[in-house]
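Model the placement of chain B on the given structure of chain A, informed by the hints.
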Amino acid sequence: MLSVHGVFKSYATPQGPLPVLQGVDLELKPGSSLALMGESGSGKSTLLHLIAGLDKVDGGSITSGEHRLDQMNEAQLANWRRTEIGLVFQQFNLIGSLRVEDNLAFQARLAGRHDPRWQAHLVQRLGLGDLLRRYPEQLSGGQQQRVALGRALASQPKLLLADEPTGSLDEATSDEVLKLLLELLDDSPTTLLMVTHSPRVAARLAQKVVLHHGRLADAGAH
Amino acid sequence: MVVWLTRARIDVRVFRETLRALLSHWRQHPVQFFSVLTGLWLATSLLTGVQALNSHARESYARASQLIGGEPQASLSAPGGGVFSQQLFVDLRLAGWPVSPVLQGRLTLKGHDDQRLQLMGIEPVSLPAGSAVAGQALAIGRIVEFFSPPGSTWIAPPTLQALGLHDGDTPISENGQTLPPLRAQPDMAPGVLLVDIGFAQQILGLPNQLSRLLLPKDFSAVLPDQFKGQLQLKTSGEENNLARLTESFHLNLDALGFLSFVVGLFIVHAAIGLALEQRRGLLRTLRACGVSARMLIGCLAVELGGLALIGGIVGVASGYLLASVLLPDVAASLRGLYGAEVAGQLNLSPWWWLSGIGLSLLGALLAGANSLLRAARLPLLALANPQAWHQAHARWLRRQGWVAAIAAVIALLALIWGDSLAAGFVLMAALLLGAALALPVLLDTVLNLLLLRSRSVLGQWFIADCRQQLPALSLALMALLLALAANIGAGSMTAGFRQTFSDWLEQRLTAELYLNPQNPAQAREMQTWLQQQPQVTAVLPSWQVSIQLQGWPADLYGVIDHPAYRQHWPLLEALGDNPWDRLAKDDALMLSEQLARRLKVRLGDHLTIPTPNGSWSPQVVGIYADYGNPKGHVLVNANHLLRGWPQLTPNRFNLRIDPAAIPSFLTALQTRFALDDSRIVDQARLKGWSTQVFERTFAATAALNSLTLGVAGVALFISLLTQSQSRLGQLAPLWALGVTRRQLMLLNLGQTWLLALLTLILALPLGIALAWCLDTVINVQAFGWRLPLRVFPLQLLQLMGLALLATLLASAWPLYSLYRTQPADLLRTFAHED
Chain A
1 MLSVHGVFKS YATPQGPLPV LQGVDLELKP GSSLALMGES GSGKSTLLHL IAGLDKVDGG
61 SITSGEHRLD QMNEAQLANW RRTEIGLVFQ QFNLIGSLRV EDNLAFQARL AGRHDPRWQA
121 HLVQRLGLGD LLRRYPEQLS GGQQQRVALG RALASQPKLL LADEPTGSLD EATSDEVLKL
181 LLELLDDSPT TLLMVTHSPR VAARLAQKVV LHHGRLADAG AH
Chain B
1 MVVWLTRARI DVRVFRETLR ALLSHWRQHP VQFFSVLTGL WLATSLLTGV QALNSHARES
61 YARASQLIGG EPQASLSAPG GGVFSQQLFV DLRLAGWPVS PVLQGRLTLK GHDDQRLQLM
121 GIEPVSLPAG SAVAGQALAI GRIVEFFSPP GSTWIAPPTL QALGLHDGDT PISENGQTLP
181 PLRAQPDMAP GVLLVDIGFA QQILGLPNQL SRLLLPKDFS AVLPDQFKGQ LQLKTSGEEN
241 NLARLTESFH LNLDALGFLS FVVGLFIVHA AIGLALEQRR GLLRTLRACG VSARMLIGCL
301 AVELGGLALI GGIVGVASGY LLASVLLPDV AASLRGLYGA EVAGQLNLSP WWWLSGIGLS
361 LLGALLAGAN SLLRAARLPL LALANPQAWH QAHARWLRRQ GWVAAIAAVI ALLALIWGDS
421 LAAGFVLMAA LLLGAALALP VLLDTVLNLL LLRSRSVLGQ WFIADCRQQL PALSLALMAL
481 LLALAANIGA GSMTAGFRQT FSDWLEQRLT AELYLNPQNP AQAREMQTWL QQQPQVTAVL
541 PSWQVSIQLQ GWPADLYGVI DHPAYRQHWP LLEALGDNPW DRLAKDDALM LSEQLARRLK
601 VRLGDHLTIP TPNGSWSPQV VGIYADYGNP KGHVLVNANH LLRGWPQLTP NRFNLRIDPA
661 AIPSFLTALQ TRFALDDSRI VDQARLKGWS TQVFERTFAA TAALNSLTLG VAGVALFISL
721 LTQSQSRLGQ LAPLWALGVT RRQLMLLNLG QTWLLALLTL ILALPLGIAL AWCLDTVINV
781 QAFGWRLPLR VFPLQLLQLM GLALLATLLA SAWPLYSLYR TQPADLLRTF AHED
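Top line first, the protein sequences correspond to chains A and B. Counting from 1, position 19 in the first sequence corresponds to residue 19 in our numbering; the numbering is continuous, with no gaps. Counting from 1, position 775 in the second sequence corresponds to residue 775 in our numbering; the numbering is continuous, with no gaps.
Same shape as in the complex, but just chain A (with noise of 0.2 Å):
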């Protein structure tokens, strides 16, 4: 279970703090998936960089189990994003002097979690089979982006994060893409937390909300 209580979080500028999070509550299950939504600047990313541990919050706290992010220290949260997530961007971010078959593999070996038949049968659903020892920017922005997934899915995470991995592709090979996640997901017992400003994508996942000003102005589910 995903918990964020009254998370607050401000940026420094030269003009004074800047609030971007306004206590932000949030709660997910094991398994469930959920669609933040917001229109630019409402904080979606930031929430999402804050569950992720890559940022600390200002005020309140984020647990997932007995692990209280708000609490932990830099190399407590490097733990956490090495064993207990998976992170997808929008820029895929893989490791261009790597080939396709050791960014599928990195993050799982990271975490020690490394399992062949696993990887194979991801690479396998996601179509990589042709491309193993290609290298990133010999992929398409589809390619690219069902690799990151497999990346992230492969070392099992009990949490995915997924920063808009659908915003730098066209329709068709977005859906493509959400349709990959969301098969993929249905075999495991992966918890989904999507960022995405596309009522479309956000149909197709379970829950919903939207941050408004910092702030959620709108939960359900479908």
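It is worth saying that the hints were derived from the structure and are not from the lab. Fair warning: there could be bad hints in the mix.
[As the list claims (entries may be wrong)] Restraint-style ranges between C-beta atoms, simulated for each label pair:
hint : chain 1 : residue 1 : chain 2 : residue 2 : range
1    : B       : 15        : A       : 188       : 27 to 35 Å
2    : A       : 188       : B       : 31        : 53 to 61 Å
3    : B       : 15        : A       : 116       : 40 to 48 Å
4    : A       : 189       : B       : 9         : 21 to 29 Å
5    : A       : 116       : B       : 464       : 49 to 57 Å
6    : A       : 1         : B       : 406       : 51 to 59 Å
7    : B       : 406       : A       : 170       : 27 to 35 Å
8    : A       : 189       : B       : 12        : 50 to 58 Å
9    : B       : 9         : A       : 116       : 18 to 26 Å
On a predicted model such as this, the values are computed, not experimentally measured, just so you know. In this text, a Cβ means the ideal position worked out from N, Cα and C, and glycines have one as well.
Frame of chain A; chain B shown alone:
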């Protein structure tokens, strides 16, 4: 324990995977990999090469000083430095003095005319108790072998090899004497042959003559009256002076080596910084995947250490080669300037190799620390954000400006209050560092001003894009600035010295012939004979005695009053209008510029000179230049000198003679006196030898300067090449808007040239300031003489041309790559905006 082991296993796993990911970058970017290696290689190579030369030379001095006795010893020698009768040794022994005779001379072996060796004859039996010879305590058996026929000639293995001879050989000297069998001894000084004194007297043709009488280190007594005037006591060995005299020479080499090291480190800094910037996406991904900041920095540090080790090993090996190449010139300079013998083959300890690699590791740490700190301090989410990096760079630039200002203040303080060679180097280092750090700030300011004046749209882009490239190119430009300034400064000093030296030589060397008599008896005879030769228009005898003035070795020369000195001996400073008259009549002296500085005496001061009859305090009436002489030089009237040393005979005769009459005169001279050829020097040969010593002295400097400029050129090439890929993002929009690739190429070249030209313009005043430091501060502190500052416009133009050519070569490959870039590559930049 179990928890600790588990954590350790996790850490090892994360470390391994992270390092693998980081290292994969170099596979994809071999140019960057070789950039870092090249920087470390060049930096280590030049510095260790210089250190190899210096430590090898110092080891040779140490061997020379250890040759007899193992420590600097007291000795007795003739006041004029020549030979004296063996009877004095016998008389002193009878008087209870524990003296041991030594005879020294120079010889060449048949078939080896180009190598003059020092022959030293000793009497091992009478050496002070406990003395070692060439590092060995002699057993009785070896002593007997030494003086019993056929005897032994001890020689250093490198000297034996250089002569192409073998153990047991019996070479013949040029005067037909056979030497005892050669025996290689590991601790022998280079260029020295050690034999029993009996053999030495025979070989040198000096029967019953001696050069020195050694005394035990702690022996103290007053020389009996009957020996005063014939012998003088020296309390420290000449070798001690050698180490002190050559220290400045070696310090200057060290300074050049360190400059090259710093320039090389700029390459490393640039390459590492750019590699880090290009990997910022990778760093973000690694952090996002759960690699902690500490682990990431640790892996980056290990990666850097590995590169430093490889660069260091290659650098040390090539440093050895460089030193081997430069050694002949350096050895010739030391021999010519100081009479120091340095072995012709390098022989370095394992410690030297290890210290070279250590230097590479230290250099990599210094060069890479800033980038590692930047990566460690930036917030995780800002890692991939170019703006965050550039803001960090802007902050760094401001800090750099402040450091430059502080360096300028340090330079000023060193100039005002510094009074030592070390202070001189602090002045130069602060000047160079301050200028280098201020360069990016100055370039940014100039480009800003140019941007304000720019009217055309391409012109505006040209300047604005130039500014944007500054962070990536600033280090290479700083290296170029330093290298150019060093070349201008050292080149100006060398050229100025050459001209000054040449003028001075023309003035001073007016005699057509210079004769050195073999012994006092011959000197008396020669003086009378020369006066009778009609073709000789002037005979200028000089008497010489070696003295110590406030601990400094000096030669005191007595000369007659003759118009030749007044017309051809220029004075830098003179007391009154007729200093030569005062020298002739009064208790007066003139001394060399470097001795005056060392003793801190000025015109009108009185200098106390120790004589056998007590102290003498003549007044200083003139100061003259004496370039290239490490010892002090003092000029007094001959009559005044002979008052103190009445038994002295002339040690040299300078002759004015019609050049056409020289051959017949020499025939008559040789018929009469059978002088060794080395004792007759004509003006042309002396000038040629002096100029050759000068040229060889500065050959090593010139080589290191050129290499430093080459290193800076490589730094620029690497910077341009490594950022050529990331430049596509700036160039693609122009191409999309209608600028052709050819135009882009020319614009790029123009930008590089503009930056190089601005750097060159700033290097000019810096180089001249450096030349002034070298002429008036470093040279004065190191050697004692001051040079006038001369600027040679042609030399500056040549250097400018060379720098622009180097810039063209450095940018050739990146421009060619740009020219060959396909439209698809340019389009791709729009698809993946980072």
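Status of each hint after checking the structure:
Against the hinted window of 27 to 35 Å, the Cβ-Cβ separation of residue 15 of chain B and residue 188 of chain A comes to about 29 Å, which satisfies the hint. Taken as a hint, the range 53 to 61 Å is violated for the pair residue 188 of chain A and residue 31 of chain B, whose Cβ atoms sit roughly 43 Å apart. Separation of residue 15 of chain B from residue 116 of chain A is about 22 Å and departs from the stated range, judged on CB atoms against 40 to 48 Å. Between residue 189 of chain A and residue 9 of chain B, the C-beta spacing of about 26 Å keeps the proposed range 21 to 29 Å intact.
A C-beta distance of roughly 52 Å is found between residue 116 of chain A and residue 464 of chain B, which places it inside the suggested range of 49 to 57 Å. Take residue 1 of chain A and residue 406 of chain B: their Cβ atoms lie about 57 Å apart, and the range 51 to 59 Å holds. For the pair residue 406 of chain B and residue 170 of chain A, the beta carbons lie near 57 Å from each other, so the given range of 27 to 35 Å is not met. For the pair residue 189 of chain A and residue 12 of chain B, the beta carbons lie near 30 Å from each other, so the given range of 50 to 58 Å is not met.
Separated by about 20 Å at the C-beta atoms, residue 9 of chain B and residue 116 of chain A satisfy the suggested range of 18 to 26 Å.
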